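Fit chain to chain and form the complex, with the hints in mind.
Top line first, the protein sequences correspond to chains A and B.
Each residue of the first sequence is one higher than the one before, starting from 0 at the first, in numbering that gives the first Met the number 0.
Each residue of the second sequence is one higher than the one before, starting from 0 at the first, in numbering that gives the first Met the number 0.
The hints are simulated quantities; they were obtained by calculation from the structure and are not laboratory data.
No false leads were mixed into what you were given.
So the derived list for chain A, only partly shown, Cβ under 10 Å to chain B, looks like this:
1) SER281
2) GLY283
3) LEU284
4) LYS287
5) GLU314
6) ILE325
7) SER356
8) GLY367
Label-pair ranges, simulated between beta-carbon atoms:
9) A:VAL206 <-> B:LEU208: 49 to 55 Å
10) A:LEU372 <-> B:ALA295: 57 to 63 Å
11) B:VAL106 <-> A:ILE202: 40 to 46 Å
12) A:ILE202 <-> B:PRO224: 55 to 61 Å
Only a predicted model underlies this, so the values are computations on that prediction, with no experimental measurement involved.
Where is the CB? At the ideal position from N, CA and C, for every residue including glycine.
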Amino acid sequence: MVLQTRNPFTSGGWSMFVAGALLTIISILLVYSANQNSPDPRLQDDWGKQIIWFVLAAGVFFATTAIPLRMHEIFAPIYYGIAIIMLLGLILFGASMFGAQRWYSLGAFSIQPAEIGKVAFIFMLARYLTYSRRPISSLKKIAAASAICGVITLLVVRQPDLGSAVVFAVVFLVMMFWEGMPVKYLLLFITPVASMIASSSMIAWIVFFALLIFAVVPLIRSSLAFTITLVAINLAVGAFSSIAWNRLHDYQQMRIKIFLDPGQDPLGAGYQIIQSKVAIGSGGLLGKGYLAGSQNKLDFLPLRHTDFIFSVAAEEFGMLGGVVIIALFAYIFHRGIRAAMKSRNSFSALVAIGATSALAFQMLVNIGMVLGLLPVAGVPLPFVSYGGSSLLVSWVFLGLVVNAERNWQEYS
Amino acid sequence: MVDQVPKTSRGWILTGGLIAAILLILAKLIYLQVFQYKYYFQISEENRIRVLPRSAMRGKIVDREGRLLASDRPAYTVSIIPSEVSKIDYLAGELAPLLEMDEKAIVRKVADRRTRKYEPVAIRRDLSFPAVCIIEESNELFPGVIYQLDQTRTYYYGKSLCHLIGYTGEVDEREAKDQQYRVGSIIGRAGVERQYDQFLRGIDGIDYLEVSATGRIIGPLDDRPSKDPLMGDELALTIDMDLQMAADSCFGDTLSGAAIFLDPKTGEILALVSKPTYDPNLFAGFVSRSEYQSLAGDERLPLFDRTIRGTYPPGSTAKILTAGAALEEGLITPETHFGACRGGYQFGNRFFKCWDKRGHGSLGLLAAIEQSCDVYFYQLGLKLGLEKWSKYARACGFDQTTGLDIPGEKIGHAPDENWYEKTYGKYNWNKSVMLNLGIGQGEFLVTPIELAQFYAGIVNHGVVMKPHVMRYLRTPKGETNYYHAEIARGLPFSEETLEILKEGLYRVVQSGTAARSRIPEVTMGGKTGTAQNPHGEDHSWFVGYAPALDPQILGCVIVENAGHGSTVAAPFVKAVFIKFFQKKGIIKMPPPPTPMPPLVSAGNGVNGAAN
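Isolated chain B (complex conformation) (with noise of 0.2 Å):
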């Protein structure tokens, strides 16, 4: 019977519970302080050190001539520190009058934060002075909001350059996450601003504090200095604003579309116009859920940048391609005539029409390129056929991006055989689609952008700049990055097709389709396109350059349900390259008008103009 252990055993046995006590203390003491020693160091740092960023000035956007796009200025932004607000729906009740924002919205914004709860989530920036002072009045009322004296972006050619420019907005949790963003910084989500994001930003300055566990801030850190911001580099864009606003305003408020203006010899956009258009400085500040929901809803799309991401068939601009296409080929010459145009062409049981229902008669290449005829070109797109045709629109580059320096371009669309075959079956569609796609139509569709790099290279001896809205990044110590121009591709067309191509266009605008459109001044070459739309009346195309022999400047607009290519894009284009020549001193200026006095308030002075 194990009853009673002897005294000495007793001593032992309790000395021997004893030792083993205080090698497991021992043991964590040591597990604690030397293994988790790095990772409960780290916790005490972060226990007492509160990181305050302090947010860099974001990089200006200037043109080509250093006028200012896009600037941030000062204004003040209204936080609220998650973790010293306790009943958070019953503040933003209190708030949201005064902030002139949906008290859901605060509620959302302040919920949406799951860490670090002690560092401000922006609620809202760009609050006017007035409604600051209240906020600051009322500090007893409104614990754990606080504001700031910040930066907002501005935009000072708002509407002309949306769709370029783009717009900033607030770093999210899921963001920050990825790419290591403050939550709540500002960062670029369309256009350039997001595009050149990583040197517009700058880098924040941080101001590191010691603070107790009741959030008392202690003061600074000796062994850790704080950081001065570093503000972003500046952008200089290859946007010359006059001949950006002289496009924009060829198309008013009404007309729908895209206009771009190149130099084809090295890629560089001067004018990107893209309509209808929106405020970026809605974004900047910030957007209420209405505002932005009449933008999104809007039918005419303002915010769908169509220069680079619609797509529209490109009517008889793309015959120049056909017409490339056969020429090298070898299977006509400048000479070739085919059957004379009698207003239409009969292909077995359908009728196919010319636009122009008086007939051409018959023409040769350079003659039927002039008048845009239809009916040479259904023949030649015939004698071509669809598999030589799409081997060299894929040539072209008409399946790929531009490699515009604008997120978010789309890729038109160049059928092939394969892609008839998986779209209709494999016997139910012809060669009939040749007649379509021979004249810029059918399934053939091209984004602006797409078509205005293939006459760029048409036109610059067959070599394809990239294009680009960058012209240089300069870095507030001053170094400077220009932008190296880039070969996109080659043509696959030798010199003599160039020639006779360029002959063709430079006859559209000597005596051709676009003859209205030509300038005394000024040589000029182009192609008129009238594309058919099921949703509506015809875009009107027009693709120009000038001058004919060393073309500086090329022009490719499109207007939406328009009509005629020779009617609406050509004077567009027009209108753009004399203000271009006015700037060279080619043309020469017309007298400046008479100055009237204002006829309405100053303040109205853009509603005005508009009419």
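Extracted from the complex, chain A is given alone in its bound form (with noise of 0.2 Å):
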């Protein structure tokens, strides 16, 4: 193992630092916007203390670019053991915000462990993945990899912070589809929420078992005892969604509700969704000008720094600066996935691709949410929501990209 000082701008590492810092400095911009008239003075310096989280946050990532992808690989356990540990010890000393424990507070700042640990999973995954000397196909490997998403979601959703477990869980189905998981194993995973949400009505959960017992089934061509448990999977999962409902926290539940129907109770929890479509909406092409929406100043959208940052934006620069930010993240995309393609080494290729689909299901699941597609789900969109700890996170994944990329040629 050599530590590598190589310049970390060869092979275009340049263009997705200007593109991250593009989105970093919109997310000044936008937060400095959305808080400078806030009743609360300690919310009127976010923009300043994200400016100093960017100035960290581009020292992580050349140190992301230039430490070795290997070393991590061998340092994997540990920063999973230290995300866990963690995680646990929020439960007992985190912060409480919202009804939720998901931060560690150090001063003026703030340490979500829930965003370190999706670095940490991905490194153990990808670790598991190319260490294991089973087939894919296996499922001993399955249930091992099953095993290490489930320890981490279980305690993200214990806080409760549902948004970052469906991003794990998310991260993981991708990178198993990645390393080359039969497709009839992921319907193993997917087929059972389909199953939930389908059994909130008796007749779409009969469509729902006559589509997978009759298309589905037929199509993966599979043993009958394979056929026989995701039938069965299938059946619990659904008959027992009624109880998880049930288990859901009111305003989780209240979310879903009010994602099916936001009108119901505009003056309520509705009046997110409402508010923020109609500072989007109300942006227009060009906007409405810098410092000028009158949806972000004169307080009607909630949360505007954090999850709504993308309405401020489309309010105030309109579906020109919406453009531009989706463009900029479908750029890192792009190359992300292409690092993911190039790379020679399983485990580069397998960090490459869990740190693109973390940030992709992030940005889809954020902007889904304030255009109104998705129910609300508390996940921040990357590089522009306020928050050091997502944006450090960020920037660590946009460096492991850069890092995949350039040591494309390096075999395992």
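Structure representation (structure tokens):
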């Protein structure tokens, strides 16, 4: 193992840095705009804190591009262990906010272990999948990988932070798919979710099982044992989903209900989505101008420097601003997938695909949420939402992608 | 077996999924920002802008000599902002005694507001200053309760003009939708307040304020300047308050009826009285339920405007119609005599009485009008026949409204053959109905304003003017729009016929049934009427005009259940005519009475005067 001190800006590192930096500068501008009139004076300084985080994040980015991925491969279990301990500790010492324990407070700053957990989890899963000699179709290997994902996901659910938990699950599925897990096993993970959603209506559930048995099962042409397992799991999940529904917190239930019909309580929980759509729609093509968004400035937008920051961008900079942000993300994702495809090193490829899928999924869920396409999930927009942990981790992911791409020719 | 996808394909599958998801997001973004831009922009404007209306002063109302009849005066209005009140029942309980209102009435007013809950709902107008002070001092106790200096309508001759001027009320949610008026703004509900509402109401001013999501006012909007309210037009009536008061005082507090005085040449109403009356000031501030119920439940019907909505048999005043129709048809000449009056007329097996049971003997037309001989008109009616009678009654306007500029006018009833057939069946009535119709009884009903208009046409060469109470409307800038006198119709009578009828009317006052109401200084014509009425005593009618050759004023009075026209209604007309000609200088004013020291305390003046 050799510490490489190569220029991080070879092989396209520059353009990735610029894409991330543009998003972060947009973030600082938007956080300033969102909080300039805030009645809470502490929030008015957030844009300054975001600058400090940006400086830190830039340093972390360079470090990430410089430190060989192999080192992370070695230390992955340690990272993973620390993340688990921090998440456990959170249950004991974490600061509570909005009815959830998600932060460690460090003076003016706070750390979100779930964000660090995302990095640790990607390393850990990539290492296991690379090191294990079993074929990816082996049930033992899938079970072990599921356990790596399951432990950390359950701890995040326990906070409760459903949004981050879904990120872990999706990153896991994408990495498993990347590693070549047979499609029929993916079905084992995906169909229960569909069964759960369909079970809200008896007719939908019957239609779901008809499709499962008469369309999906013949298509995968699998063994009888697997078919029975698949159907049984779906039956069990569907049957118990009503119990699970009742175990959701009231606000989580409400979020799903509001997603299905935001108008049902326009001054209550549906307020966020309605005001977000008003902010975005009223921005028009070119926006109302920086610092001139009335929905933003006059307090109509909730959580506007964190989860709903895209609404501020769309109100003040219009469709132009929205498209620029989405285009910057699209460029980063494109580079991430290309790095994974190019890489000759299985671990590097898995890390690149994990990092990219984490960024992409969070971006899609966040923007989908503020546009009213998805339920309010509490997932931040990478690079842009205010929050040091999220920003740092976004830059770490960016650095990992650059690192993997730069060293694509290294064999494992 | 679809098992393992090659590695490059996996990359492309992920790329394809990502592209699809990003395209979906872009599509939604374009949909919101391009296709729904106007919709959401409007919502965001409504979000940030609070429109605070500033009520315009309602135009004042004056009489023909400029005397102030109605105007807005400053008063405190207490309002509740529904969005800021959480426990309305509790708040209403606390406020009710202070506002002297029913608790439920407060709750109802707030609950009635379904939209725009952040705009204040006026709960109580014209609150006393001490009560306002209490609300100001206990601000903390009453969240969401505000008071503003507003206006309240005041009627200075309240009772004497109540039906004519009407009253105002607040626009409710339904009206606000239909007519684009603001909920809670003041609207004319009756009388000329309603008729000329669009001119009187003025234009409300608007303040545009920028507000935050919590309702905090940021300040005035830079891009939308406030609009000052524009006061409503001044409405001058044709009413002469001297005549109005004179007519009103004739009835005293006990008699019911209607009195109309107008200029037959123009149709200008000089006095319009319906008795009994109510105080419209009750409606201007706020009217408690019990007060309204006592008004609405009063069996003398003070809310009922008898001048335009009361339908009465016209009695002998209708004989002019019968005579005119017969003359016009060439059935009679003024010299035509019918069978002599012996106190009644035998028709089949029924005896129809004349009002004077001593009988009038054999009379010509003019003497029959003069003495109001029923027997003469029974025979004339029979000769005329129902078909012709109803044709003339309708041509004279008894089947339509007069066009008076006060809303709610009713139409009397001039029956024809079809009506009798429909009502009684083909063979269940006969031409004996003409005996009654010929003398203004039976199924013939008129409103006082219809009768006044008919007589005004008789004395105005057959030209029937539209009666009106509006003289002019004057905008705050001083532009004045006068009412243009309008012809309603022409009477179906020739100049010769009219001359004969006027000769008869002149004789009624000179030597006939109304001789006691003669005025020495002024010649006068007129016709008494005594309308039989199934509900009680006869109604007393008199229609008179003066001077007889060139009428300047015409009066039509009905006093309910008061007996003969000559004894009650005619002296009322005389009293008002004297006032009218005194003002013209034709009759000398009596020397003013020596002032007497008041017998009762000054505050009781109005009640004292009534006795």
